[in-house]
Structures are given as C-alpha cells and as structure tokens.
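S.K.: Using the sequences and the hints, build the whole thing.
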Amino acid sequence: MILAILLISVILSKVFVPSYVKVAPGRVTLFDLSATYTEDPSILKSITLAYVPEGTYTISASYVENMAKRKGIEVEFDSSVITVFADKSSSKLSKTPKIDPEVLDLASTVFASVTNEYECLEDATFQIVQVSGSVDGTPTFEYNNLGSGKFSVLAKSSGKYLYMMMNVRCPRKVLVSKKLLKFGEIIKPEFLEKSTMDLFKIHGTPASTSDAFYAKAMKMFKPGDVIVQEGIKRKPDVVRGQLLLAYVELPGIKISAIVQSLQDAYIGEVVRAENTSSGNIVVGLLEEGPVLKVMEVEQ
Numbered sequence: 002m003i004l005a006i007l008l009i010s011v012i013l014s015k016v017f018v019p020s021y022v023k024v025a026p027g028r029v030t031l032f033d034l035s036a037t038y039t040e041d042p043s044i045l046k047s048i049t050l051a052y053v054p055e056g057t058y059t060i061s062a063s064y065v066e067n068m069a070k071r072k073g074i075e076v077e078f079d080s081s082v083i084t085v086f087a088d089k090s091s092s093k094l095s096k097t098p099k100i101d102p103e104v105l106d107l108a109s110t111v112f113a114s115v116t117n118e119y120e121c122l123e124d125a126t127f128q129i130v131q132v133s134g135s136v137d138g139t140p141t142f143e144y145n146n147l148g149s150g151k152f153s154v155l156a157k158s159s160g161k162y163l164y165m166m167m168n169v170r171c172p173r174k175v176l177v178s179k180k181l182l183k184f185g186e187i188i189k190p191e192f193l194e195k196s197t198m199d200l201f202k203i204h205g206t207p208a209s210t211s212d213a214f215y216a217k218a219m220k221m222f223k224p225g226d227v228i229v230q231e232g233i234k235r236k237p238d239v240v241r242g243q244l245l246l247a248y249v250e251l252p253g254i255k256i257s258a259i260v261q262s263l264q265d266a267y268i269g270e271v272v273r274a275e276n277t278s279s280g281n282i283v284v285g286l287l288e289e290g291p292v293l294k295v296m297e298v299e300q
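Our numbering runs 1 ahead of the 1-based position in the sequence shown.
Because the hints were derived from the structure by calculation, they are not lab data.
Restricting the straight-line Cα-Cα distance to at most 30 Å, the calculated cross-link-like pairs of lysine-lysine (DSSO-like) are:
| hint | residue 1 | residue 2 |
| --- | --- | --- |
| 1 | Lys220 | Lys151 |
| 2 | Lys174 | Lys220 |
| 3 | Lys189 | Lys217 |
| 4 | Lys202 | Lys72 |
| 5 | Lys223 | Lys180 |
| 6 | Lys202 | Lys179 |
| 7 | Lys70 | Lys46 |
| 8 | Lys23 | Lys161 |
| 9 | Lys217 | Lys294 |
| 10 | Lys183 | Lys195 |
| 11 | Lys189 | Lys223 |
| 12 | Lys234 | Lys223 |
| 13 | Lys234 | Lys220 |
| 14 | Lys180 | Lys220 |
| 15 | Lys236 | Lys180 |
| 16 | Lys236 | Lys294 |
| 17 | Lys236 | Lys217 |
| 18 | Lys236 | Lys220 |
| 19 | Lys220 | Lys202 |
| 20 | Lys234 | Lys180 |
M.R.: Printed below as a string of structure tokens:
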C-alpha cells in the first residue's frame, strides 16, 4: 500500500526525489537527484544545487523545492532531507537503470500498443529512461503521451506497482511541402511529396492527401515543412454551383429533386440551394454523398 501511494504521488508530480541518491563528485543538479521526472531533462540539468567532493552530504528538501520553483517545476520528496553520496564510480549520464527481463517485456508490450495506436512504421524504436517499483506475473498497465515521444507507464499486479518512463521514436510517412506555400494559396498535389519523419517531433496533426490536396494554406509553409491539419482549410465538400440530389421525407413517401448549391459547404453544414426545375430556394442539411436533406422551402 505504501508503494502504491508513493507511485501514485510520483505520477501526479513533475519530479520525484528519493531520500538517498548516489552521484558523481562535482556539480550536482536536480537531474542528478531525480528518480523519475516528466520534465525536459535539459531543464533539470540547468538547476545547480551544489558542488561536492567525494563523501556523504545532506540537502534539505525545502532548499531543492525553492530552487525548482524558480523554473516552475513541482517536486515530490521521499523525506525532508536527501542524503547524497558522491562517488567517482557514479556517472551523471547513467540515468537509465539495468533493465530486468520482466520490465523489458512490459516495455515491449507498451511499445507495441503505442506503435499500433499511432500507426508507426516498422523501424520504430523505444528506450527505457526510468524505472521504479516492481510487478509480478502479467500486469495491467496504462500509458500517457507526455509529448515529444515521452511516455509514462503505470503497471500493477498482485498489489504491486511499477512506474516507467519511455522515449519512443515513431517514423511515419507524412506530406511535406516541395516549395514555399504562401498564406491563402491553394495546395496542389504537385506541390507536395511524402517524407519519413518522427511523428512525435511534428508540431500538429499531419494532414492526409484527401485533406491536403486543393486545400487552402492558412499559414506559410516552407520547403520541407510538414502539412498539418491546423495549418490548412480543406476544400469544401460542395462548391457553389454544384448540382446535388435533394430529398425530403414525408410519412410514407420520399420526394427527391436536383438542386444547385448557392454556396461552398462542408458535410454537416446547413446549405441554401435552388431547385433546378421550379426555381424554389430550399434550405437543408448537407449529408455524406453529398446529398441535401431538405428542412425548409423559402417562399
């Protein structure tokens, strides 16, 4: 139960610092003290806490907490005092622990779920960054995307809990611009090409060909930029002047007619159109097809 409470508190915090830490002599940073973290390691490495020769020292948790707050980082502690053992055999770079086969199996299972969810290519890779706790047998697990390819994993079985941090690289074929695309420009297929990039390093949601082709650029794309959905306005499902099948359902009868759209529109929008036979203006909901479900006839 104590382990469970501890691990849950780690999940909720940005950084967890245990009561005993082994470091290399010299500059000691928050990165050196952290057992688990969800922050960018470079930020943790920038917070210098002390310079120590070989030996054993103590650092108060309140001091570490105040230093971390200057960078807007929340820290969870195991105790009010951290014992720091400085030893030459310790490396500041050895933050990845020796991986047990059971942990590696769990990480591989999580990795398979991630690559399936994000449709990664076969050359996707992962790295275990942090591990704390333990589990038995076949555990259940949950994982969260923390951004930039970082995933936190919480596994549990037989009353035991394990917390793990993973870095995942997810290569995907995405559309990139071959030329400078200006704001408002219509994106033609010949302006784009496919390139393999790490999905988790892309800022935005990569657009599909159906969304990108003939869409309008709502920002400037430089050559090599990924075409993202947030930066385009896809072409309308119906354009002004397009002929559509319109229908209206009455009790026991369905009446249809050909109409001409009076506006550009997307599926799900309300559209005004003109009946090509009678000249009447109708208003309806644009449905997949596209077809128009008539809701009103304007007089």
